[in-house]
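**Student:** Each of the two chains sits in its own frame; use the hints to bring them together as a complex.
Same order as they appear, the protein sequences are chains A and B. Sequential numbering of the first sequence, starting at 1, is according to this note's numbering. Sequential numbering of the second sequence, starting at 1, is according to this note's numbering.
It should be emphasised that the hints constitute simulated quantities derived from the structure, not laboratory data. The reader is advised that the hints may include incorrect statements.
[Stated by the list, open to error] Calculated pairs, DSSO-like style, for lysine-lysine (alpha carbon to alpha carbon, straight line, at most 27 Å): (1) A:71 to B:700; (2) B:700 to A:120; (3) A:62 to B:549; (4) A:62 to B:555; (5) B:89 to A:63; (6) A:63 to B:357; (7) A:155 to B:549; (8) B:544 to B:450.
Quick caveat, the model's predicted, so the values are computed rather than measured.
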Amino acid sequence: MNKDIRGVIFDIQRFSIHDGPGIRTIVFLKGCPLRCLWCSNPESQATQLELLYNSSICIGCKKCLNICPQKAITFLNHDNVLVDRSKCDVCGICVSECPTGALRLAGEVRSVSSIIEEVKRDRVFFESSGGGVTFSGGEPFAQPSFLYELLKLCKLEGFHTTIETSGKARWTVMEHSLPYIDLILFDLKHPNSQIHADITGISNTEILSNLNKLLQTKASVLVRIPIIPGINTNLETRKDFLNLFREFGIKTIEILPYHIYGVQKYEMLGRPYPGNEIELDESKETAIEFYQYMIQNGVTAKISH
Amino acid sequence: MCCDRAVIYTKVYKEHQNKPILLKRAIALRETLEKMPIFIWESELIAGHPASLPRSAEVFPEVNIGFISEIDEFETREYNRLIVPFSVKKQLLEMQPFWTGKTLHDRFSAIRPTEISMAIKAGLLSNPHEWSGLAHVSIDYSKILTKGINGILKEIELFQSDVPITDPDYSEKFVFYEAAKELCNGVVNFAERYRLLAEHMASVEINEARKKELYQIAKVLKNVPFNPAQNFREAIQAFWLVQLIPQIESNGFSISPGRFDQYMEPYLVRDLEREQITLDEAQELLDNLFLKFCEILRVDTRASAEVNAGYASGQNLVVGGINSEGLDSTNLLTAMCIISNYHVRLHQPNFTVRLHKGTPERLLKMIVESISCGNGMPQVLNDELIVTSLQEKGIPLIEARDYLPVGCDEITVAKHWGRCNGGYINFAKLVELTINDGYDLFNEQKAGLKQGYDNYHTFDEFMTAFNNQLRNAVRMQISEANLTDSIHKNLLPLPFLSLFIDDCLLKGRDVTEGGAHYNTTGIVGVGSATCADSLVAIERLVFKEQRIKLHELKKILINDYENQEELRQHILNKYPKFGNDIDEVDQLARDFTDVFFDELDKYRNYRNGQFWPALYSVSAQVGLGNSTSATPDGRHRSMPLSDGLTPMYGMDRKGPTASLSSVAKVALVRAPNGVIVNQRLTANLFNSEEGISKICMLLKSFVNINGFHWQFNIVDNKTLLMAQENPENFRGLVVRVAGYSAIFVELSKKAQDSIIDRYSANI
Numbered sequence: 001m002n003k004d005i006r007g008v009i010f011d012i013q014r015f016s017i018h019d020g021p022g023i024r025t026i027v028f029l030k031g032c033p034l035r036c037l038w039c040s041n042p043e044s045q046a047t048q049l050e051l052l053y054n055s056s057i058c059i060g061c062k063k064c065l066n067i068c069p070q071k072a073i074t075f076l077n078h079d080n081v082l083v084d085r086s087k088c089d090v091c092g093i094c095v096s097e098c099p100t101g102a103l104r105l106a107g108e109v110r111s112v113s114s115i116i117e118e119v120k121r122d123r124v125f126f127e128s129s130g131g132g133v134t135f136s137g138g139e140p141f142a143q144p145s146f147l148y149e150l151l152k153l154c155k156l157e158g159f160h161t162t163i164e165t166s167g168k169a170r171w172t173v174m175e176h177s178l179p180y181i182d183l184i185l186f187d188l189k190h191p192n193s194q195i196h197a198d199i200t201g202i203s204n205t206e207i208l209s210n211l212n213k214l215l216q217t218k219a220s221v222l223v224r225i226p227i228i229p230g231i232n233t234n235l236e237t238r239k240d241f242l243n244l245f246r247e248f249g250i251k252t253i254e255i256l257p258y259h260i261y262g263v264q265k266y267e268m269l270g271r272p273y274p275g276n277e278i279e280l281d282e283s284k285e286t287a288i289e290f291y292q293y294m295i296q297n298g299v300t301a302k303i304s305h
Numbered sequence: 001m002c003c004d005r006a007v008i009y010t011k012v013y014k015e016h017q018n019k020p021i022l023l024k025r026a027i028a029l030r031e032t033l034e035k036m037p038i039f040i041w042e043s044e045l046i047a048g049h050p051a052s053l054p055r056s057a058e059v060f061p062e063v064n065i066g067f068i069s070e071i072d073e074f075e076t077r078e079y080n081r082l083i084v085p086f087s088v089k090k091q092l093l094e095m096q097p098f099w100t101g102k103t104l105h106d107r108f109s110a111i112r113p114t115e116i117s118m119a120i121k122a123g124l125l126s127n128p129h130e131w132s133g134l135a136h137v138s139i140d141y142s143k144i145l146t147k148g149i150n151g152i153l154k155e156i157e158l159f160q161s162d163v164p165i166t167d168p169d170y171s172e173k174f175v176f177y178e179a180a181k182e183l184c185n186g187v188v189n190f191a192e193r194y195r196l197l198a199e200h201m202a203s204v205e206i207n208e209a210r211k212k213e214l215y216q217i218a219k220v221l222k223n224v225p226f227n228p229a230q231n232f233r234e235a236i237q238a239f240w241l242v243q244l245i246p247q248i249e250s251n252g253f254s255i256s257p258g259r260f261d262q263y264m265e266p267y268l269v270r271d272l273e274r275e276q277i278t279l280d281e282a283q284e285l286l287d288n289l290f291l292k293f294c295e296i297l298r299v300d301t302r303a304s305a306e307v308n309a310g311y312a313s314g315q316n317l318v319v320g321g322i323n324s325e326g327l328d329s330t331n332l333l334t335a336m337c338i339i340s341n342y343h344v345r346l347h348q349p350n351f352t353v354r355l356h357k358g359t360p361e362r363l364l365k366m367i368v369e370s371i372s373c374g375n376g377m378p379q380v381l382n383d384e385l386i387v388t389s390l391q392e393k394g395i396p397l398i399e400a401r402d403y404l405p406v407g408c409d410e411i412t413v414a415k416h417w418g419r420c421n422g423g424y425i426n427f428a429k430l431v432e433l434t435i436n437d438g439y440d441l442f443n444e445q446k447a448g449l450k451q452g453y454d455n456y457h458t459f460d461e462f463m464t465a466f467n468n469q470l471r472n473a474v475r476m477q478i479s480e481a482n483l484t485d486s487i488h489k490n491l492l493p494l495p496f497l498s499l500f501i502d503d504c505l506l507k508g509r510d511v512t513e514g515g516a517h518y519n520t521t522g523i524v525g526v527g528s529a530t531c532a533d534s535l536v537a538i539e540r541l542v543f544k545e546q547r548i549k550l551h552e553l554k555k556i557l558i559n560d561y562e563n564q565e566e567l568r569q570h571i572l573n574k575y576p577k578f579g580n581d582i583d584e585v586d587q588l589a590r591d592f593t594d595v596f597f598d599e600l601d602k603y604r605n606y607r608n609g610q611f612w613p614a615l616y617s618v619s620a621q622v623g624l625g626n627s628t629s630a631t632p633d634g635r636h637r638s639m640p641l642s643d644g645l646t647p648m649y650g651m652d653r654k655g656p657t658a659s660l661s662s663v664a665k666v667a668l669v670r671a672p673n674g675v676i677v678n679q680r681l682t683a684n685l686f687n688s689e690e691g692i693s694k695i696c697m698l699l700k701s702f703v704n705i706n707g708f709h710w711q712f713n714i715v716d717n718k719t720l721l722m723a724q725e726n727p728e729n730f731r732g733l734v735v736r737v738a739g740y741s742a743i744f745v746e747l748s749k750k751a752q753d754s755i756i757d758r759y760s761a762n763i
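Here chain B stands alone, though its shape is the one from the complex (with noise of 0.2 Å):
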């Protein structure tokens, strides 16, 4: 942990109390850029890091202070450690009065409405942007590379000209365009600053092959990020600039390269053509920047870090798909990041690739090769469902065929500020309301909705009873959402990644406040399988089998089957399960996402945008499960609940084919804001030829079964067992756990069953 950040930010805020909060935080970054420490780590070659010592994290105290009562706990608890230095404990004790209750989750704690409040406390919904910056974004890469800084201030000058002094906005949009002049200032004195390190670092270096490399550096440096880049090794240099910079700006996750491949290659393929670089050179460039997304960790609160487990950071960089015109784009770049995911194998960035029914053959092979290799990646994402999601959604087709993903798989397009991840609802805590009555069976607390009785005489009434529970955390999760956006607009506005998502400059206006052309706002609802298998539990045992009365389920479901093994087990056993093609459980995951999608349909958000929905969990799975009571599936108490809109754990007992079915048979069309499934592969399918091919056709099949994501993990259960008992000895092991790759040793015991129980399925 550093606080170089958090000093310098502390101080700019103190000097500054009377600046409106966009210049303040434009200023505070612009100094941090100026200021914090810098160093060019050995044998890189691109320059840039986001802290102040290699592979660490700065503190964001305006988001976050409250951490310190946990500060002792960071070195040894379960996830997402770190090592906290003496000094950066005494600094941040020092500057925590200034920080105690100006922070996003004080005035959170301040406004929130007590019914939510009691929702959040009980597991049903949960905020990440309580406690991190929002981000969840691709910003416009190309603007950096073809305007450079300078193309941007011009454009800035040009916008703010336009503006009369007659504007009823006219001080506002003033002082935007005031602060995003500050950071063009400090983008060109950070850029600087690493210049002459590097020509520093050069001139002292007795490695001549080094001293080459350092010269090299400065040199890219001495043209970008101010002009437009000249070449792929400059084109790389300014896209790590911008890639880095937001992650100072802003804690927030998920800040995503989008479509790298197509906006990169036309620098490689020129220099090829002169013969400016080689095309080892270009790969070994590329590797690094595959390393240089490693480096960015955040400072997780104990809650956050159970929910983002493994470091995740969500940078999603995707290739292939089709392009604009709807042709398939596969390019040179598609196949080297293949080979640098290869390469690499860690858990970041968030690698993905578009499929689409014309996707090449040579490239499905490559994709499956690269999957075996072992960090599961890529994932891969249908264009032919995805981009008509889009034009339901009112996004013009050409833009829609540009999509991109964020983070794990949320869909977004340019000019567009998704605030992806605008809160959790846990769907099998409505489950536990339903039975009893708005009060859930893991405290015996309200959390949902009084509705007067909990004696169903059929289980349609149940149902109807649920929909509204459903429909009523909805509506408190798009409070919750709309709250969130007004928060971080007074406490975190985002002037840095407002200069590259359009319409902003145009507009004179932040993107917290709406400044960007789309706005929407993602919902995410957690534990499909456990809720779908749940519901179709109850149906047989209480109303069609009449084995038990709903009010005796409710006692072995809060007293977590206490000496009803036999019970459970018949659950486990002799009831369907999502996952296996089976339309008696199938069609109630249908039908109670349908019930999801229609009610956020009718409401606007925060910036007069739409409600996307979305069914990913990162790994909410397993925070949200363990304030969730045993629930009539068969599922424990506190364990996780299915992640996504994966089958649950083991249960998906026909293998992929089934599995992909069911999923199909959910409005995946409805869920722009993305849907993730995970599937477990055994390792020896990889070991031929004709399995390899075999996958190819599963991949093509997903492909025609409309289905929305995909994402493998090809590890077997021997090797994660021994991981667990001889960590030091699996140090490198990544393995998926959401929506991303993690290092598996580095995740929490629980965490670690989970997968291994994911993977005890065997097909």
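Only chain A is shown next, with the shape it has when bound in the complex (with noise of 0.2 Å):
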């Protein structure tokens, strides 16, 4: 066991109730080997550090201008700035100087004893709810040896343990962490192996694959379907998640509403928003019509929030 392996993590939530049972911690790791369009994390998807700019906030200062050692950083108009990502090295002395907190680095380098310590404060709200911790991304597979580790000391604390992943792992990597995960909340964005490479950048072969071999163990997997208005909900999609459900043996699943979250987030990253916005109404109703769809077909599901 290593308690000095560091990783890459973005953020730790506590008081999460949406991700397992009772009241969660989740930690977020970062880097994750799809592109979906409609992400609302997009800090999570390099594993590098990246800087986030929230022009909402800031007060013009001019403090940062100074401090960049690249020079990557210009005086916009009164009360904003613009980043030059393509100069930005991403060293972090703007963000510790930026009094409003316009300036934040997403992603920061840990130790798995650190973050045990961090999530060991919640122990009496895990024990008091049945709670736990939820390992989220990004992918967590993605640092699969950090992931373990994590696992594998947080059952040794006794915590409850759930992962939320996208299924894109090598199998021996998800095999390996087994015996330390409680539950697998396991996203599937679509059931047709083109369609899903247009939508996310790779297509989905690994991904049912490894399912499929989840389901032959003791495994406790949850079928979450995340769903994006117009990308995988007309009749067609549905029937093919049916015909995937029956041929896996899936009789549960939950159904992940469309949220606009991360439209922000893009632009505090300096980045385009790949997908197009989506109206929320539209989502909720999308949602209702996949879940009635489902229920009618004899598979139980449940619309998340």
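**Tutor:** What follows is the structure in structure tokens.
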């Protein structure tokens, strides 16, 4: 066991209630092999640290202009600056001097033991609620040995562990961690391999193969479908999903309605939003339609919040 | 505003100038009960009002007449508005000369030491009882239920005949017992007037259903409060009369029903068994009672209205918890009270549920559903911590298990005169005094200890000076609290309350004179989070990082961060804040509150009892914040301080579990006089079964982490902003302010803003 293994995370969120049983603490691991068009955590995709700039809280104090060794920041107008991403090497110096927190780093290199120390603070909440720690991302399996040590230490503390995964990982990596995972929340984006590749950047072959193998083990797995109106919700796709569930013997699924939390983050990363913006009402209705279709066809479904 | 009581009191005080104060006040109350106009409001099932008009406030000229100088502002001022009819104004002006110089406030002004006056003026200390009666008590309601006035009269005779004429205090005791008898007669006559009125109204009523109700009221009043209550209706009526009369005797806040589900349940169960009442009828009666609590209003001065914004009257009704054997005491009435709170959803009673490790799941669920209904109640208390905290103060286990909160959540037990609001200490002000060697930064007036230096070399040195300022403030507030006891004893004894607090009758002594079995005084610390956040900012800014010198910071604070927004943002965003489970700042909060507790432990009060600490603020964080300069945590001049032990508004960025963890690091077990912690939760959490079950888990966690008190605000910001813009459409919107709920549109703009700030920290 190596407590000193380090990895990159981008947040630890306490009092999470939708990602596993009880009251949970979520550790978000940075880095993901998928590039979903609608990704709501774009800062989770790259493994390396990134600079986020939130123009809405910037007061235009200009402190960052002079401090930046790469001269990557220029003054835009009375209360905004412009970050030249081609020059920025994410040294973080501007972040430590930015008084408002408008400039901040996405990502933090942390040791396994420091993360365990932090999640241990919530022991009383885990014990009172039957909760525990959820590892999310990014794709948590993308940092396999880091994740493995985290899981192992959590189990040593007696915590319930949950993984939120895209399913994209080497099977041996997944299999190796299984003894220390109590629940796997397995996201399926699209049943069709070609479309999957179009919308996430990779085919779903390995993902489906992993899911199939997982279902053969004793692991507790819950398949979750993120609803992306216009992308994975038409009748044909629903049918394909249904066939897949039948083939794999999946009787229960959870439906995750689309939300727009991610939009502002693209701006903060200085990137264009790759998806089309979707109205929330539309998403809710589509989720309900999807739900009804599954129920009518004998799949137990639940819409998450 | 009504002044019938004031007219009668003025007459009695004039006619009986030679009588001892105790007797004078007993006669005045008796005559008021016999003569003030009474009415039974349409559809109501329980008789008894505190004023001669519906939802009105009587004047207490013996407490304060100086408010007349503000009389023209009452209808338009920011807080606790009252309509003042011309006739009332005229009568008040007529009586003003008689009372001027004789009131509570006049007496305080005459004998208070200068240094304490200066500390009050600077906003370091504040004393609510310079302007109002004492109260903050739960009387023994079971006495009126099981003995009735007749039984109490017999008790008085018995105790009185036991006093030998040679007893050194014979004449004082004699006066006390005579006053007690006057009041028993007053109660009897008061109830009889309502009985006759009900009978008369019934005889002329055309609506048959209403006629029946009025006869029912008359029938009930034939037996109670003279004799023991025979059924649930009688018990409710008798209860209400003894809840009401102390509020006519004195204008003190927080006369609290206590463990209502425990002492009332036997009457309900017996009636249900005998089929004398249906569950629906009982629920309706209880709903009526919940409405009655909202009738208690006060005439507040502008200053005290600020502290008690939202017509607070602090009538704390508590249900659930363990019984004297340590077992869960949940019963039918526990659930019915939660339902009444849901039905009525107003700001009174201040509704509390006691939790413990064995609280049934079903009750937890009811609590959460009720909280989500909109008025933020019930608030919850933790038996596991509070019982221990009382035991550590020497209260026997069996009595400690039967504790009850009064007002916000000031903990008392039976037979207890807790004097729970012995005055506030503004912790944030202490930071000013430490920076400026005893002078504040708001007016640069002396308000604290002059230690002769303000050039600290280390943060430890700074903290040593800070702790000295804190101890000094505690000592001054103790002196003020003792003065309060003495003045109230001499001017405003409470013979009616004394009938219902053991051992007053046994000792023949008024509660204000130490007649109760347990005598304590609560001293209240305000602005803990503002103070902790300020201290950690000083440590970082001046000592660790040495970004600026202390005298530079002093200037910046005096100038309210003018041209220093960069620094202010740096402080707000880069330094740890209480409420995020960060040991660096939480430990500071623990350390200085321990100094506060230690200092209080050293002294005995005016009635030879203990001083009990508290960390709450009602809404004093607004009033004291007004006169507090900018603070090193980034807070602007005159803005509200943090309230109770709640993290500063908007600064608890890691959600309820982190906030609870920070709070639990303070030695809550040492503060039995009460701790208040507000928690905002977004409304959407309560939309699903899953969400509700997770909040139940949060409540269990609160018990397990050894929390003291928790209360919730479940309104989204959008709604509040809309209410601010269109108050007429949101007249019923009730929010949690501090230890109590208030009608949102009746709060001042500033108080509203402070609540909106509290909400804006999204989880």
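**Student:** Kindly indicate which numbered hints from before are broken by the structure, ordering the numbers from low to high.
**Tutor:** Going through the list in order, the structure violates hints 1, 5, 6, 7 and respects the others.
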